[in-house]
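A.B. asks: With the sequences and hints as input, model every part of the structure.
Listed in order, the protein sequences are those of chains A and B.
Residue 1 is where the first sequence starts when you use the working numbering, and the numbers rise one by one after that.
Residue 1 is where the second sequence starts when you use the working numbering, and the numbers rise one by one after that.
Simulated from the structure, these hints should not be mistaken for lab results.
These figures come from a predicted structure and were not determined experimentally.
Accuracy of the hints is not assured; some may be wrong.
Said to hold, decoys possible - Covered by chain B, per the in silico footprint, the following chain A stretches (three or more residues, Cβ under 8 Å):
#1 19-30
#2 38-51
#3 63-76
#4 84-94
#5 251-263
To be verified - For each label pair, taking beta carbons as the anchor points, the in silico distance ranges come out as:
#6 A:Gly-10 x B:Pro-57: 52 to 60 Å
#7 B:Ile-40 x A:Leu-314: 48 to 56 Å
#8 A:Asp-105 x B:Leu-21: 13 to 21 Å
#9 A:Tyr-113 x B:Phe-69: 26 to 34 Å
#10 B:Arg-75 x A:Tyr-113: 36 to 44 Å
#11 B:Phe-69 x A:Glu-416: 48 to 56 Å
#12 B:Val-26 x A:Gly-126: 39 to 47 Å
#13 B:Arg-75 x A:Gly-355: 43 to 51 Å
Virtual Cβ for every residue (Gly too), placed ideally from N, Cα, C.
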Amino acid sequence: MTLTYEDVLGRYEPVFGLETHVELGTESKMFCGCSTRFGAEPNTQTCPVCLGLPGAMPAVNARAVEDTIKIGLALNCSIAPWCRFARKNYFYPDMPKNFQTSQYDEPLCVDGYLDVDVDGQNYRVGIERVHMEEDTGKNTHVGGATGRIHGAEYSLVDYNRAGIPLIEIVTRPVPGTGARAPEVARAYVTALRDILRTLGVSDVRMEQGSLRCDVNTSLSPVGSGAWGTRTETKNVNSLRSVERAVRSEMLRQAELLDAGERVRQETRHFSEVSGDTRPGRSKEEATDYRYFPEPDLVPVAPDPAWVEQIRAALPELPAARRARLRESLGVSAEDMVQMSNAGVVDLVGETVEAGAPVDEARNWWLGYLTQKANEREVDAADLGVAPGDVARLVALVADGTLSVALARQAVDAVLETGHDVDAVVAERGLRKVSDTSALERAADEAIAADPDAADKVRGGKAAAVGALVGAVMKATRGQADAAAVKQILLDKLGGGV
Amino acid sequence: MPDPIVPPRISRAEVAHLAHLARLAVTDDELDLFARQLDIILTSVARVADVAAADIPPTSHAVAMTNVFRPDRTRPSLPREAVLAGAPAVEDDKFRVPRILSDEA
Ligand SMILES: [Zn+2]
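C.D. replies: Okay, structure coming up:
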C-alpha cells in the first residue's frame with residue numbers, strides 16, 4: 001500500500017521542529033586559541049585545551065558570546081542575564097575530552113521567534129533557545145560498507161573541528177502548517193541562513209557542514225488534539241533535503257499509523273540518495289549525559305548595556321530590507337513572492353539602485369538571468385552577473401546601442417569571461433546596426449538570394465519572412481534589431497499588414 | 001556512619017550504572033564497598049544543606065566571578081607529532097580508535 005501525500009493530510013496533522021547547528025566564523029576555537037580554518041591537514045589545529053589534556057584551562061571566546069547574542073537578538077530572543085556552561089558526558093571518540101562543553105538548562109538566548117513567508121502567507125516559528133557549545137571531531141569509518149559506522153572495523157579521528165564554536169538554535173514544535181509543513185520547514189532554514197549571513201557570524205555553507213539541521217516530525221490524527229510520537233532525523237544537509245525529510249517522514253509515519261502500528265521515538269538518518277530516512281543509532285544506548293555545571297568556566301553574565309550596544313549595531317535584517325525594498329520599488333505582493341521564490345529580491349533592489357527602472361530590473365532577474373542560473377545550477381546571487389552590469393545593459397538597450405538579443409549575448413559573454421558589460425561590448429563589437437540604409441541593402445540582398453521566400457511573402461504568407469529576417473541578421477552578425485528588419489522586409493515585399 | 005534507619009543516598013544499582021557509564025569494570029565486592037563509601041561521602045557533603053539558608057543561592061564555583069573571556073585571536077597549536085605521540089594507534093595522521101558500535105544494527 002502506498003499512500004499519497006493528500007491521503008496523509010486527509011487524516012493527519014503534521015508538527016515539525018528543527019534543531020539547527022551553526023559553526024561560527026570566529027578566527028579561534030570556543031575555549032582555546034587553535035585556528036578554525038577549514039581544510040587544514042588532520043590534527044594540526046589542536047592543543048591541550050581542545051584535546052582535554054590534564055590541567056588545561058579553557059577560556060571563553062568573547063567574539064563567540066557576542067555573535068550568539070547577535071543571533072539571539074535577530075531571532076527576537078531575550079538574552080539571559082546570567083548563564084553557565086555544562087559538561088555533557090559521553091563516551092564517543094569524536095570528543096577527546098569524553099565530554100562536550102555545552103549549555104544545558106541555562107541557554108544564553110531564550111523565547112524568540114522567526115516569521116517566514118511561504119507563497120505570501122506568514123508563518124511564525126517559535127524559537128525556544130539559542131545556546132553555545134563546541135563542535136566535535138570528524139570520524140572516518142574504515143571497513144564495512146560505504147564508510148558507515150555500522151559494520152566498520154575501526155575509525156580514524158581528526159580533532160581539528162573539535163572545539164570550534166557551535167551554536168544550536170532550537171525551535172518550538174510548529175503545528176498548523178498542514179500541507180505546507182515541508183515548505184515552511186525549508187523556508188525557516190532559508191530565512192535563518194539569510195539572517196546568519198547578514199549578521200556575518202558564519203559562512204553558513206551547508207555542503208561544508210557549517211550549517212546542519214536535525215528535523216523532528218510527528219503526526220497526530222486530524223482533530224485529536226494530541227501530538228504524536230516524534231522522530232528526529234539527522235544528516236539533513238541541504239535546503240531541499242529539509243523539505244524532503246519532513247515529507248518522507250510524514251508519509252512513513254502515516255503508513256505505520258494507518259496499519260495500526262506505533263511510531264517509535266528514535267533517531268533516523270536522512271539519505272540524500274534515496275530521499276527517505278533510515279533508523280540510526282544514538283551515541284549512547286541510554287542518553288544519560290550526567291550534565292553538571294562546568295567547573296573550569298565561570299558564568300557568563302552579559303551587561304545589559306553591552307547587549308543594547310550590540311542590538312543598536314545590528315545590520316538591517318533580511319525581512320526589514322525586503323519590506324523596505326517592496327515599499328521603495330512599489331512592486332505588487334505577487335511580484336514580491338515571485339522574486340522572493342527566485343531569490344532575486346536584493347538583486348532587483350540593487351539593480352534599481354544602480355539606475356535601472358524597476359520593471360526592467362525585475363524582468364531581467366526573473367527572466368534571462370534566472371534561466372542562466374538554473375542552467376548552471378547556482379543561486380542567481382552566485383551567477384556572476386552584478387546588479388551594476390544589469391543596470392548598464394538596461395541603459396544600453398534604452399539608448400538604442402544594444403537590442404535585447406544583443407544584451408543577452410553580452411550576458412553570455414560576461415558569464416564566459418568574467419569581464420564587465422562595457423568590456424564585453426567593446427571586445428565583441430556588440431552594437432545594434434541602426435543605419436537604415438545598411439539594413440535596406442542587406443534586405444535587398446536577402447530577397448535576391450532567396451526569391452522563393454520573397455514570392456511566398458508577396459503571396460500573403462507573412463510567416464515566410466522569418467527565413468529572410470534570419471538571413472539579414474546573419475549578414476549583420478546579429479547586430480540588427482530583428483523587429484526593424486522584419487518591418488523593412490515586409491514594406492519591401494508588400495505582403496505584411 | 002550513616003544512621004541505619006535513613007535509606008542510603010546511593011544504591012548499589014546506581015553505582016553499577018555509573019560504573020558502566022564510566023566504562024569501569026567493577027566486581028561485586030567492589031560494588032558493595034564503593035556504594036558504602038560513596039554513601040558516606042554524599043552524607044558528609046549533604047551536611048552543607050544544614051547551614052544553607054533560603055537566601056543563599058547554590059553556587060558552582062568557589063570564586064564569585066563572571067565573564068572571564070579571551071579575545072578571538074589564534075595561538076599556535078601543538079605540533080602534530082606531539083599530538084599523535086600519545087595516541088595508542090595512528091593511521092593517516094589521525095587517531096585510530098576501535099570499532100565504535102559493537103553489535104550490528
Ligand atoms: Zn585548541
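A.B. asks: For each hint, tell me whether it holds in the structure or not.
C.D. replies: Checked hints:
| no. | hint | in the structure |
| --- | --- | --- |
| 1 | 19-30 | holds (count 3) |
| 2 | 38-51 | holds (count 9) |
| 3 | 63-76 | holds (count 3) |
| 4 | 84-94 | holds (count 5) |
| 5 | 251-263 | violated (count 0) |
| 6 | A:Gly-10 x B:Pro-57: 52 to 60 Å | 54 Å, holds |
| 7 | B:Ile-40 x A:Leu-314: 48 to 56 Å | 55 Å, holds |
| 8 | A:Asp-105 x B:Leu-21: 13 to 21 Å | 20 Å, holds |
| 9 | A:Tyr-113 x B:Phe-69: 26 to 34 Å | 29 Å, holds |
| 10 | B:Arg-75 x A:Tyr-113: 36 to 44 Å | 39 Å, holds |
| 11 | B:Phe-69 x A:Glu-416: 48 to 56 Å | 49 Å, holds |
| 12 | B:Val-26 x A:Gly-126: 39 to 47 Å | 45 Å, holds |
| 13 | B:Arg-75 x A:Gly-355: 43 to 51 Å | 49 Å, holds |
Comparing the model with each earlier hint shows a violation of hint 5 alone; every other hint is respected.
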